[in-house]
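Protein chains: 2
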Amino acid sequence: MARGAVSYQLIKEDKNTGARLGLLRTPHGDFATPMFMPVGTQATVKTLTPEELYAMGSQVILCNTYHLFLRPGRELVKKAGGLHSFMNYSRGILTDSGGFQVFSLAPLRKITEEGVTFRSHIDGSKQFLSPEIATQVQEDLGSDIAMAFDECIPYPADYDYAKRSTERTLRWAERCLRSHSRLDQGIFGIVQGGMYPDLRRFSARETAALDFPGFGIGGLSVGESKEQMYETLALTTEVLPKDKPRYLMGVGTADHIVEAVNLGVDMMDCVFPTRVARNGTAMTRQGRLVVRNALYAEDFLPVEEGCSCYTCRNYSRAYIRHLFKAEETLALRLLTIHNLHFLLTLAAEIRQAIAEDKFAEYRRRFWENYGR
Amino acid sequence: MARGAVSYQLIKEDKNTGARLGLLRTPHGDFATPMFMPVGTQATVKTLTPEELYAMGSQVILCNTYHLFLRPGRELVKKAGGLHSFMNYSRGILTDSGGFQVFSLAPLRKITEEGVTFRSHIDGSKQFLSPEIATQVQEDLGSDIAMAFDECIPYPADYDYAKRSTERTLRWAERCLRSHSRLDQGIFGIVQGGMYPDLRRFSARETAALDFPGFGIGGLSVGESKEQMYETLALTTEVLPKDKPRYLMGVGTADHIVEAVNLGVDMMDCVFPTRVARNGTAMTRQGRLVVRNALYAEDFLPVEEGCSCYTCRNYSRAYIRHLFKAEETLALRLLTIHNLHFLLTLAAEIRQAIAEDKFAEYRRRFWENYGR
Chain A
8 MARGAVSYQL IKEDKNTGAR LGLLRTPHGD FATPMFMPVG TQATVKTLTP EELYAMGSQV
68 ILCNTYHLFL RPGRELVKKA GGLHSFMNYS RGILTDSGGF QVFSLAPLRK ITEEGVTFRS
128 HIDGSKQFLS PEIATQVQED LGSDIAMAFD ECIPYPADYD YAKRSTERTL RWAERCLRSH
188 SRLDQGIFGI VQGGMYPDLR RFSARETAAL DFPGFGIGGL SVGESKEQMY ETLALTTEVL
248 PKDKPRYLMG VGTADHIVEA VNLGVDMMDC VFPTRVARNG TAMTRQGRLV VRNALYAEDF
308 LPVEEGCSCY TCRNYSRAYI RHLFKAEETL ALRLLTIHNL HFLLTLAAEI RQAIAEDKFA
368 EYRRRFWENY GR
Chain B
8 MARGAVSYQL IKEDKNTGAR LGLLRTPHGD FATPMFMPVG TQATVKTLTP EELYAMGSQV
68 ILCNTYHLFL RPGRELVKKA GGLHSFMNYS RGILTDSGGF QVFSLAPLRK ITEEGVTFRS
128 HIDGSKQFLS PEIATQVQED LGSDIAMAFD ECIPYPADYD YAKRSTERTL RWAERCLRSH
188 SRLDQGIFGI VQGGMYPDLR RFSARETAAL DFPGFGIGGL SVGESKEQMY ETLALTTEVL
248 PKDKPRYLMG VGTADHIVEA VNLGVDMMDC VFPTRVARNG TAMTRQGRLV VRNALYAEDF
308 LPVEEGCSCY TCRNYSRAYI RHLFKAEETL ALRLLTIHNL HFLLTLAAEI RQAIAEDKFA
368 EYRRRFWENY GR
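Chains as they are written, first to last, in the working numbering: chain A, 8 to 379; chain B, 8 to 379.
Treat the hints loosely; a few may be bogus.
[Unchecked claim] Part of the chain B face toward chain A, derived, beta carbon under 10 Å: (1) Gly88; (2) Arg328; (3) Leu341.
[Claimed, not checked] Dumping the calculated DSS-like pairs for lysine-lysine here, alpha-carbon to alpha-carbon at most 27 Å: (4) Lys249(B) / Lys365(B); (5) Lys53(B) / Lys332(A); (6) Lys251(B) / Lys22(B); (7) Lys19(A) / Lys365(A); (8) Lys133(A) / Lys332(B); (9) Lys86(A) / Lys85(B); (10) Lys133(B) / Lys332(A); (11) Lys86(B) / Lys332(A); (12) Lys332(B) / Lys85(A); (13) Lys332(A) / Lys332(B); (14) Lys53(B) / Lys86(B); (15) Lys117(A) / Lys133(A); (16) Lys332(A) / Lys85(B).
[Stated by the list, open to error] Rough simulated footprint, nothing fancy, chain A against chain B, three-plus residues with beta-carbon under 8 Å: (17) 41-55; (18) 89-103; (19) 298-308.
By construction, these hints were calculated from the structure, which means they are not laboratory data. All C-beta atoms, glycine included, are put in the ideal place defined by N, C-alpha and C.
So here's chain A without its partners, still in its complex pose (with noise of 0.2 Å):
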């Protein structure tokens, strides 16, 4: 494995909650943490260019390898130069390794020690992915953050089940570190273990002991309750080292984000805002606001009061509400802009909060107004 292609340094612990304020470093640039990372799954945050994302802050964003490995192919995307080539997108790239999505395809895929056999969504053909074959993918889509092909253990699942299936995505993280050869990229390992917390202390202790920079904690907000999420995520990252960083993955709204950062979690990626944008829904501080209604038909409001987006610079709701039931694409655009917008200046918020010691106090300010 390339050594130090991706560091974290901890800049501070916040005093009175598990916050961190640290700094990720890439081959792309160095990352403010805590962060929340935009998701481009087929090389391309939906509706959005690049510059509309640099314009909101965006850092590191997340690109998926189970998407791109069956279309345009690892070959073409090599042969562009790699992601960031080939997307426009010169800030920090993250692939996941296909784990999720090749599990997710059951009954239409079958899992050995080697690998996962599945069916491409596309066109039916029959495809394997491996723990080398996933790490050389992404060596090939040249992210600046692999990661480890593992299993995302299904909720609920019973005990004999996880601790096999935790088991072996340990065995798997091994087989990606040996095979990952890329010296501009760094892999992070995948902790696992469900919701059992002696499976999940076993998994962060013995992914942490592997030589990886960084650490994902897969497996959660898959069904559980949102305290079992929060206890399980709590023990996780009491486990995983402190000069590492730990990415929650596929967690992001903002009760997620501000309760994750509570408990020490220093990335996080999620569908949530970018596709509920695309049916209409705006987040806003107070929760969710549904552009679409008809209760918006003739409000002249901005989607949300005193956000410094640019749709809400720029535009009603009653415009959006009107290119949503014209079916003009700029509706889901004007909407994903706002979500990420909102959820990328959450984390700045959250960063300025724990250098200022006050993310205890935000975090209650925040729950004051979250809801309502």
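Keeping the supplied structure of chain A fixed, place chain B upon it in accordance with the hints.
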């Protein structure tokens, strides 16, 4: 009618051709002609923001009265403070009268001297537009330039039908003019006459005799041959006064723009560049390039070499093709940017050529490249 809200200043007539350099003065600024006007049917130039349009030199855009009349409705746009405020476009806006769309709804419409009864394509509801109503709707929309309510004569049409229709359009033009009262808006009359030289001359002469600050030329590019179109256009611009702008309606491929300018046209609009962009076709100086084609799967050149648009500066044919295959809306946006930039740049080059007495040469060079 509001005298002076919109006016035209003829800056220069080309010595060797019919080309004219001019300035169109509107309540939202003075704009250089000849100009191409991007189409924003439903109060949005599909996929783009106003800022993207400004960046490529967009001046006046066209919005469709028929569509906005049905959705979101004149009242809502009026409450929003008019189209400029509603859609956040600060430069010129021209609205058509709705006539073209309503007449194309046959057999779902009925024409009388009073106006046209038709059924909405959205919900099937019965609707009515007359010269007075179309004018009032455009006053509510608050465009800089409104258009008179006319019938676009289909092709082919027999002489008697064309004559009766042309005479009615003329009577309607007078009614539009009488009912128009908005002080910060101009209204253009529209020349019809089908492909019959005497009817065209009659329509041009009689419409020009009315107190309009500019004239649309309608009923061209409706199925006739190019020769017929250019002949009919030539005899129309011959009759129209030199001190008022001539707007060739619904025409706007590169070859048509060059030829129309050559025959004395000042303004054009067309959905073609934005529509074909969404189908994966780029417009270039050599003709069309279907980026969706497998031919471009591994082509890392820009859409058009030497093009300075945002898309060509930052993305490859291979990437844009990938976006189309993956059904990503950024694909539509990137090609829309390229195609509109292409026509707006073409218009800017034409103006420069006229200013330098080189339009004939520009036109010759254009044809040497085009279609190769």
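Evaluation of the provided hints:
no.	hint	result
1	Gly88	holds, 8 Å
2	Arg328	holds, 8 Å
3	Leu341	holds, 8 Å
4	Lys249(B) / Lys365(B)	holds, 21 Å
5	Lys53(B) / Lys332(A)	holds, 14 Å
6	Lys251(B) / Lys22(B)	holds, 19 Å
7	Lys19(A) / Lys365(A)	holds, 13 Å
8	Lys133(A) / Lys332(B)	holds, 20 Å
9	Lys86(A) / Lys85(B)	violated, 53 Å
10	Lys133(B) / Lys332(A)	holds, 20 Å
11	Lys86(B) / Lys332(A)	holds, 18 Å
12	Lys332(B) / Lys85(A)	holds, 18 Å
13	Lys332(A) / Lys332(B)	holds, 26 Å
14	Lys53(B) / Lys86(B)	holds, 23 Å
15	Lys117(A) / Lys133(A)	holds, 11 Å
16	Lys332(A) / Lys85(B)	holds, 18 Å
17	41-55	holds (count 6)
18	89-103	holds (count 3)
19	298-308	holds (count 3)
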